[in-house]
Amino acid sequence: MGTALQIKNLHVEVNNKLILKGLSLNIEHGEMAAIMGPNGSGKSTLASVLAGKEGYNVTKGYIKYLGNDLLKMPPEDRAAAGVFLAFQYPVEIPGVATSTFVRTSLNAQKRNRGEAELDAMQFLKLAREKAKQLEMSEDFFQRAVNVGFSGGEKKRAEVFQMSMLEPTLAILDETDSGLDIDALKIVAEGVNRLRDDKLSGIVITHYQRLLDYLQPDTIHILAEGKIVKTGDKSLALLLEEKGYQGIDGAN
Amino acid sequence: MAVSSDTISAVEKATKKYKYGFITDIETEFAPKGLNEDIVKFISKKNDEPSWLLEWRLKAYRQWLKMEKEEPKWANIHFPEIDFQEAYYYAAPKSDEDKPKSLDEIDPEILNTYNKLGIPIKEQEMLAGIVGSGNVAVDAVFDSVSVATTFKSKLSELGIIFCPISEAVKKHPDLIKKYLGSVIPQTDNFYSALNSAVYSDGSFVYIPEGVKCPMDLSTYFRINAAETGQFERTLIVADKGSYVSYLEGCTAPMRDENQLHAAVVELVALEDAEIKYSTVQNWYPGDENGKGGIYNFVTKRGACRGNNSKISWTQVETGSAITWKYPSVILQGDNSIGEFYSVAISNKKQQADTGTKMVHIGKNTKSTIISKGISAGYGQQTYRGLVRMQAGAENATNFSQCDSLLIGKNCGGHTVPYIDSRNPTAEVAHEATTSKISDEQLFYVQQRGLDPEEAVALIVNGFAKEVLKKLPMEFAVEAQKLLGVSLEGSVG
Amino acid sequence: MKNLQHKYYEYYNSNKGFFPGIDINWLNDLREKAIDQFQKDGFPDKSVEEWNNFPYKDLTNNYFEPLSDNQAEIDLNLIEEKDPNCTIRLIFFNGQIVNIEYNQLPKGVEVNSLTYFLKNNPNFLKDKISSANKYAEERLSNIIDSRPQSIVAVNTAFHKEGAVIHIKKNVKMPGYIELMHIGEYNKNTMQHMRSVVYLEEGADCEILENIVHDNVSDLVFTSNVTDVHVSDDASLSLHRFIRGSTNQIHINNIHGSLHENSNFLSTSIINSLGQVRAENRVNLLGENSSSTIDILILGSQNAVIEGLTRVEHSKKNTKSDQKARIVLGENSKASFQGKIRVNQNSDGTLANMSSKSLLLSDKARVNSKPELEILADDVRCSHGVTVGNLSEEQLFYLRSRGISEVEAKKILVNSFGNIILDKLSDNLIERAKKIMLGYYNE
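For the record, the sequence lines run as chains A, B and C. One point on numbering: in this note's numbering, the residue at position 123 of the first sequence is 123, and numbering is uninterrupted. Going from the second sequence to this note's numbering is simple: count from 1 and add 1000. Going from the third sequence to this note's numbering is simple: count from 1 and add 2000.
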């Protein structure tokens, strides 16, 4: 298998405040890692830094993905390299149809990788297939990106985009927030369907319930900007039972 | 619908009588009618001013002469041409020579006036200097000259200066020299030039570094003598890290002749300082035919000179025949904040052209404009506001909301925002709506047991709430009453 | 400036015989009144609020020959072919009609040049070309202010050509009519076009005024004024695409009178590199009439582009919508001045206005002034303005999906302008998109 993602001693400042304070984490090819932790521990910061959002100042440490220095790459190159971030708050883009958006993204990545682009018909065929798998109506193809979508619809649209773009590293940033149990199941099934030995994943969540469906290989507890504990899924159960206070080193 | 026509007649009825319409019978000492260099010299001499100030006034006067043809014409207001030679430029109560030391010494007629104006007993006691009677300091200006100043000692312990500007010229000449005209130069505009030449008196406030003024400072203005132009001059300086809240309130007696009022208010906020300036203006608006009433042409401007400073204007404008007024903020310091909250009512034949200017110069500056205009009867009301983002105003933001409410068929509500952006990182957002009180709303409220007048008052107060809640407590109550009185019978 | 003003006045008086329609009394009167109005008001200066955003220095500091004969020739074969959706195309070259193309003139449709009508049917035009200050504003002080209409006065006095479109009762014109104005001037010239669009009851028509002033080697001052009359139950779409080089000074006015149950739609797309001002002044004179005016300004280099719209509601239950979207790069400047005026007793008015601007460069500058002037109480009016840059959030979202920064910006700029194109008919949408896409590629 081998290591897909390597994060070493990562220090990140936001608005001159140190949020990540020496985070280290390795993820294997095909590994699904869950990151849990209390509010403000730096979970979403980690997701944003991985995807390359501006305003996050890395003062120390590095991130290597498939041998590339991720921190040196602009967000679009990271995407082309296989990094996909499912946003906690998907952004609304009025005036741009969802299908146009996804097709533009997919073809931009393909171009970036030197692959053949999809024409309109090929794209539509693929999109229909994926939408069907996610039990989504095709109506949303023509709707503007995330505009007027309910919380659940937005999250599903994120998973739809992920299934279209076929990343090798999926970062799910609190994808479970705002979802009822049925939607959660569909989203989780959608993610599970994409899992294979090539896809690595980072699932950021507060709750056990998404993990029940996703069955992560490893669980990491993030507190005060560092990974303080790593274990298998029993750790999540322990957490559910005892809370963060009950985990050694998690305070 | 019956409901709305009731409403309209109610509005008309409401303003038939001017609640504060009476004339105080006091002998007044006038300067001769008309305006020339001698009058300017006369006023300066009356105030026993140093020569630099006389020169300053004369410079303004000479500039005004050149500007006379440039009396602003762009505003949405029209009125017969003012004959500036037909007005008196100085009037002071006779008792000027011998200022009263206690309530007993104050002309009972004046006290009576305050009673009719509804100035609380507490404040009257303060006028008399009864210690511990409250925490509002009143620098009452009767016509043009201060007759009483209270709480001076309490304030002076903190180093706060709050006194007539004529007195400040003598006692604190350095401060006056440094700041007078530094925000609004004499020659800024036609009316400010006129004011600079002939202002009789006004208030001066200085809050020293790091001092939070422990009470709201307050001043009541009245215009009393027939054909007397009223030219107040206010200067407030908040030194580094200080805070002050200043209240200004006005009522005026009924008059047949139009009276000109051209005040100038300058605010200076240095680093980390905050000035909150609140006005309730209820001057005589004229009768149903538009006869009489005050012409209110005011220049108000604040400069956020230091970083992190803040200036906030709140106004409730219900009076005057004509209002021409744009309290503005120059946001020079980085991270400085400017605010403008306004409720204005035009009823009968009132005309108001009012708004603000927010000029963003410093980085991360922020301004908020909330304007609520209510037109009834034959009233015409215009919101006119400028938001300018200068090239250096990195990441500056502005939000403006201007709403107009129309009551009746013959009034007008207008909105004229000017937005000028020269910085791509600056963000400006402006929203405006015009609507009337819907019959459904009125019916709904009436169905719950309110009469049409009360219903309209309720709805109008709701409409204006965002602004009213910005007023200090002392004023909020008075302001709510005023909205009711101004629209009484008209809308409620 | 005063000198030039007088020079034009003198020029008019010694050359009036050369303007078309000299023998038509009513037209002569219009011209005379207009030149007098111009002589009185002059070019609008700083004191005219509608004109004080950006000075028109090139216009007021240069003399433009009113009757100069531009000798340039045009090769009709070099002009792009008529769009298949276009039913009739009139081509004007340097202010002269050079071609009228159609396969078959639809029944009930009369289209020709102004000079043709002046020669063959002058009575039709009487009262349809309006006086220079017909659409001047009455201020609240009851003064009619003709100064902002000075250029319309110049146009009224000096116009030599134009288009006339007459759609008869209940005729639905298929496809659209294109009025193509090509300018390739080689010396300081002024050129004024006066057009008339007249729709009888129940008629329906779509028109594109396509202005391309390229290859202009010297400053050129052109104006197009179109008098529009939309009768009861009729429906008119009158669009403008305005493009030109840095030497273009173009002022374009659409003046519309709308009658009962009529509809008017006007979309303007402007991406000139010169100085352009596009005005729409529309009077809703009939109950249930409605007007939609959309403007898209795409500014680059040193362009100065102004959009002005004014809709006056004079009858009950009238509707209007005004929208401006402004994108500015490099040193370009733009303004939007919009006004909703609701006259007394025009109850049931519904009016909206929105203006949004994107500044893409440090040097760009935008002025926006959306005005409401409301004199009736049973109305619902609103306006909104925003000025800003592209949203960082949106940019990041797009880039995180693999789209490059440049491409992401392009997508966002296009989506910003899309709302203006939305209203265009299928006939024109592709042409409009091409202009918009072309802008960001420049």
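Any given hint might turn out to be false.
Stated by the list, open to error - No farther apart than 20 Å at their CA atoms in a straight line, the calculated lysine to aspartate or glutamate pairs in the DMTMM-like style are these:
1. Lys1363/B - Glu2392/C
2. Lys1357/B - Asp1287/B
3. Lys1409/B - Glu2200/C
4. Lys1291/B - Asp1420/B
5. Lys2169/C - Glu2200/C
6. Lys1357/B - Glu2405/C
7. Lys1409/B - Glu2392/C
8. Lys2363/C - Glu1081/B
9. Lys2363/C - Glu1394/B
10. Lys53/A - Glu2405/C
11. Lys53/A - Glu2287/C
12. Lys53/A - Glu2392/C
13. Lys2410/C - Asp77/A
14. Lys110/A - Glu2407/C
15. Lys1363/B - Glu2407/C
16. Lys2409/C - Asp77/A
17. Lys110/A - Glu2405/C
18. Lys72/A - Glu2287/C
Simulated from the structure, these hints should not be mistaken for laboratory data. All values derive from a computational prediction rather than experimental measurement.
Now for the hints, and whether the structure bears them out:
no., hint, in the structure
1, Lys1363/B - Glu2392/C, "19 Å, holds"
2, Lys1357/B - Asp1287/B, "31 Å, violated"
3, Lys1409/B - Glu2200/C, "34 Å, violated"
4, Lys1291/B - Asp1420/B, "38 Å, violated"
5, Lys2169/C - Glu2200/C, "5 Å, holds"
6, Lys1357/B - Glu2405/C, "37 Å, violated"
7, Lys1409/B - Glu2392/C, "47 Å, violated"
8, Lys2363/C - Glu1081/B, "43 Å, violated"
9, Lys2363/C - Glu1394/B, "13 Å, holds"
10, Lys53/A - Glu2405/C, "13 Å, holds"
11, Lys53/A - Glu2287/C, "54 Å, violated"
12, Lys53/A - Glu2392/C, "9 Å, holds"
13, Lys2410/C - Asp77/A, "18 Å, holds"
14, Lys110/A - Glu2407/C, "14 Å, holds"
15, Lys1363/B - Glu2407/C, "30 Å, violated"
16, Lys2409/C - Asp77/A, "16 Å, holds"
17, Lys110/A - Glu2405/C, "16 Å, holds"
18, Lys72/A - Glu2287/C, "64 Å, violated"
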